[in-house]
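Residue numbers (the numbering used here), protein chains in the order written: chain A, 1152 to 1864; chain B, 1152 to 1864.
The set of hints was computed from the structure by calculation and includes no laboratory data.
Keep in mind that a hint or two might mislead.
Repeated chains share a single entry, so a pair holds when one copy, or any two copies, can fit it.
Unchecked claim - Distance condition first, Cα-Cα at most 30 Å in a straight line; then the derived BS3-like pairs of lysine-lysine:
no.: 1; residue 1: K1689; residue 2: K1782
no.: 2; residue 1: K1624; residue 2: K1689
no.: 3; residue 1: K1209; residue 2: K1543
no.: 4; residue 1: K1713; residue 2: K1854
no.: 5; residue 1: K1543; residue 2: K1194
no.: 6; residue 1: K1188; residue 2: K1543
no.: 7; residue 1: K1177; residue 2: K1543
no.: 8; residue 1: K1806; residue 2: K1188
no.: 9; residue 1: K1387; residue 2: K1630
no.: 10; residue 1: K1634; residue 2: K1689
no.: 11; residue 1: K1854; residue 2: K1203
no.: 12; residue 1: K1264; residue 2: K1854
There are 2 protein chains.
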Amino acid sequence: MPENPLHLLLHPRSIAVAGAGNNPAKMGTLQALSLLKDGWQGKFYPIHPKEKTVLGHKAYASPLDLPEVPDLAMLVVPTSQVAPLLEDFARIGTKRAIVVSAGFRETGEEGRKLEERLREIAKTYGIRFLGPNCIGILNTAISLNVTISELEKRPGRLGMASQSGTYVTQTLSYLRERGIRFSKAVSCGNEADIDITDVLEYLGEDEQTKAIILYIEGIRDGRRFIETAQRITPRKPVLAQYVGGSVAGARAGLSHTGALAGPDFLYDGIFRQAGIIRCRSIEELYSHGWVHATQPPLRGNRLAVVTNSGGPGTAISHNADQGGMTVPRFSDALQAGIRPLIMPHAASANPVDLTFHLDMRVLVTTIPQLIMESGEVDGLVLHGAMNSGLMKMFHSHVSELMGNIPLETFLEQAAIDMSDAVTLPRKYNLPLIVSSFFGREDNSTSLYMDHEVPVFDSPEKAAWGMVTLLRHKEIRERKPIVKPVLPAENPEAARIIRTALAAGQKALDERQAKQVLAAYGVPVTREEIATTEDEAVKNARRIGFPVAVKSCAWEIMHKSGKGLIALNIRTEAALRTAFQAIREVAGQEIPILVQQMISGSREFVAGMTRFPGFGPCVLFGLGGVFTEALKDTSFRSAPLSRTEAEEMLFDIRAKELLGEFRDLPAVDCTALAGILQAVGAIALIHSDIAEIDLNPLIIAGSKPIVADALIVF
Amino acid sequence: MPENPLHLLLHPRSIAVAGAGNNPAKMGTLQALSLLKDGWQGKFYPIHPKEKTVLGHKAYASPLDLPEVPDLAMLVVPTSQVAPLLEDFARIGTKRAIVVSAGFRETGEEGRKLEERLREIAKTYGIRFLGPNCIGILNTAISLNVTISELEKRPGRLGMASQSGTYVTQTLSYLRERGIRFSKAVSCGNEADIDITDVLEYLGEDEQTKAIILYIEGIRDGRRFIETAQRITPRKPVLAQYVGGSVAGARAGLSHTGALAGPDFLYDGIFRQAGIIRCRSIEELYSHGWVHATQPPLRGNRLAVVTNSGGPGTAISHNADQGGMTVPRFSDALQAGIRPLIMPHAASANPVDLTFHLDMRVLVTTIPQLIMESGEVDGLVLHGAMNSGLMKMFHSHVSELMGNIPLETFLEQAAIDMSDAVTLPRKYNLPLIVSSFFGREDNSTSLYMDHEVPVFDSPEKAAWGMVTLLRHKEIRERKPIVKPVLPAENPEAARIIRTALAAGQKALDERQAKQVLAAYGVPVTREEIATTEDEAVKNARRIGFPVAVKSCAWEIMHKSGKGLIALNIRTEAALRTAFQAIREVAGQEIPILVQQMISGSREFVAGMTRFPGFGPCVLFGLGGVFTEALKDTSFRSAPLSRTEAEEMLFDIRAKELLGEFRDLPAVDCTALAGILQAVGAIALIHSDIAEIDLNPLIIAGSKPIVADALIVF
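Build out the structure end to end from the sequences listed, making use of the hints.
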């Protein structure tokens, strides 16, 4: 495997910056100042057309004048100057660059050409670059910061790759306020060369990074993304936000980084396939990422809730329950340990609700410790730790009563020892999440944050912060994904497709489609074409009544509701009537398909569509008339391993139908998964196929059988 | 209508507090200090068994010693002292009380009895009280604060009723930090007397209150709650959070305020029926409530997005789209106005993305003004206003370059005029929501907050903050709810039920159930009971083939999958076979129901269940085998008006099935709504009925017909 390009990019010993000057209102200057002020120890070379010194450093008019070849070049210059400068750096042997400048693909055709030129330079000289239209990188381990914002000094454990620069700059003070710290963060911009998958791969290997978060507006190479993530996610949590999946989101993204967005439901499936936990907001992305980066893994789903107030306790319990956790009633022994510590009317069963209680140590240390020691839970959410924040609120009211006690003295007297409280997760190897309505103005909040115990500003968020750990437990416990071996091209299937294409068909007719499917092992209805009534009767006898009778021609892609289909034909007479009726609608020459009638009350749909960036994607869902009305479907990118195919079955809301259901046996999910694998394989083997639609896929007893099929070129 | 008890409670001229002393670590003292320190102008009378003065005021040993009858009594004393004290206050003529003390119903049977005693006292003397187990009230208009926390001095426009005391005390500094201010807030506690519906009703009439938020763990009198809310919600937004609907949530709530919780799906329906906007977290409740309290109503769904960063702009657009808004492309004229203000590569179409741009006035004033003037949108979400917060981040980097400029000078030089920016919503009567990663440390955030422009700390939240206004537009535009007139009791139906009960039946058989339904106008299948094969054949001829044949006995409540039912019988021979087959399973004496066979591919379910607090509730949903697997249902409390019945049809995810669908005509929703109304009426008229289950309710053509029915006592 070639070295990941991020390695050198994130560890340069020397950086040349084009676009830095002495005007502090310029972006390039601000970025260079971050380099110089935040503690990075490497060499800085400003490139400037006129200035002799920039920010106190000797400036050079051109890369060609530099005294050494810098490891990294940074370009913050007008769009037109980017390509020539990049080429100059490439020529002298610089191997990495960050192109901050915008005005490329995101602006239209002309910009696209300019961007293409940058790629050519990169290929020609072997220089790898980030951007254009990005904000750069952070590597807190070596205090490297090329963004415009000031860096938090303490290194963190959370790695980020972002298709928006804002999320590694404008948010730095937001993150500091919440105690969240990056290990490394990379703004990917337009991804003309290095892309978000490169960053993901790098962070997957990076030891400083305990959890990875991704902000995504569109993925270019879907397969590589999925496979890279699959290698990482069983051992290191990866979380992602995707916002390109609506008309408005897609347009905004296109003008932002020129990203080509796919529909929201596709990314839902892709993330599940990749083992990535999807987040619905940037807040969730950061805060849940930070939970994964700092807390021990969750080993079960039993949650303890400790609170000094009923409302938050109820809200935490309710939300944790909705996320799949239980809040088990504590054993009598554990409750007996807790009860002497709380007031008589307070609750000890779990949630433990101390109610109004001024001795904070009981809330933050004594009780949590008892609970963690008990072995009765797998994690704890705590609400109500508060000290100086609350005391500041009290002070103006009580100071007179307390002899005009100064605020400082008051706070000192009320201060509590948090040293045991903040180390509980490490001591017991159990995750702890804190909910508090007090921010950094409260010393208990600050102390938790500074000791890497995540604090959420509402109880519901704290509950979901714990639940996200449960999601990674499920991902850790996934069945292994064994890369599937595609079957060889089936000559009979190839012949059918070739013939149809040669005849100018835009789709296969139902019979042809079923033959192609059958060639790859997909169970289909027994059926035969009839061109006369008598032949139809003969076919029906061979197949066995009842039968279905359908017009069969590739031009008629959707037959239902047009009088082109007759189901449940039980007698010869009825068959003759149906035959004539269909011919009356569809013409006297139309071939008639006589088909085994499958009965089963569970109908599904399987299919395939190609999406830019992801190639053929397989669909599974609730079938029959409900496909459209309920849109209860799941997607995966092909090819599908056995595990991936089985998982996508259970992604639908109606998954209960797959098990024993009322008087019906469980569905043969091995067979069903096999069909999904075959659909993906067929699409990969036969690239002329644009779409596959198997609907309904009827469950007869426990066995899935394709009752209707459409294959479109 | 009697005067709402909250009026006097929230406007007392004098308050006596039992439980206040001179120890600042006691809750009663802290509460009394709030009364004294936060600006309320009334008279304060401490009741104390020993102290002569409390907090500088003459103390009285008993209510009987007071020099005047206080308007309000507050009790913060041990549980056992509450009843005697309340009775003393009641005796001297005090008409309102707040019982803060806990230890009542929430602790079990003994507490329940103590609470019952308080109710008796209230009834006997006509004293109305809040609590027990509550934290009290806030009325910012008169600076009245009886909670333990310091009051925000400026009155607000948001009214709150909470079944958790924390949400009107522990959160006060949280709210101040976010610029959210109450008009009035009431902690309801156990609701032994005054309940959350009383508070809702009061806030509905209160002119200072522009929007109402409710934190709910369980509603006791569902009908009164719904009808009260329905009177308010078309003109004043009401938002609610409910957290009792899970096993864990219910247990937590029970030990918290003794609330009896109903399932989550029930409250979903109740809130929709009441016109209440449901919130999923306390953060959403506060922040969305504040949006409604401060912003002009949304008149359409067209949103403008203005940003200085692509990521947030994309996230806002995506989330607004998901919430039902559009982000329309601006007209050429409007874009032509915007383009000269932004950089060449920046986007003007909507979102307007300025990218890195140091002139904040363009972002916060000039462009928003152009857009609001254009008439092309109904609201605007702005991201990226930042001034001192950002500058503080820059200062340490740039100060040396700027001649060691002091922070204050630097901030002064960078300060921007926000005076026009903050008045935009009022000037154009269009809602404005701000997204910023900077909190109060940034002066632009603070200025927005202080001028009642809501600021959210992430772009997604800002988008949803705008979307919540769209929800109230829909509620304003609901069809009027005309209180339904219940039909008179049908004598035939009453006779059938009476007879069945007399015979010891625990349910009606299918035939009886259908007769009861038909008596109230519900369309059911034609059908007749047969006791012999020949009679069955005669019946089938009269009804017309095909028919369904079923065993018919009340003991067999669920027939499917047991050989007790045969569908689609088309011939006499098949009928005889089926008749025998069923009798073989169910016994030779079983009556056989011969029934018109309804065919239709759309199947629904209608039903009725009784829930504590809400009485009979009507269910509608997707029917047939999918009822269980998809749980796609909606609920309403009976009786149902025409509007309510129609609305609940379209609450299901599969609502598309109700319109024209594939080759099927639109469902006759008037008829379908009529069935739901009838189901509710039957339950109210015949109180012996515990449950009704009409499944499937088949749509034949466009007409709904009940194909199977179960009525359980």
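Could you tell me which of the numbered hints above are not met by this structure, giving the numbers in increasing order?
1, 2, 8, 10, 11 and 12
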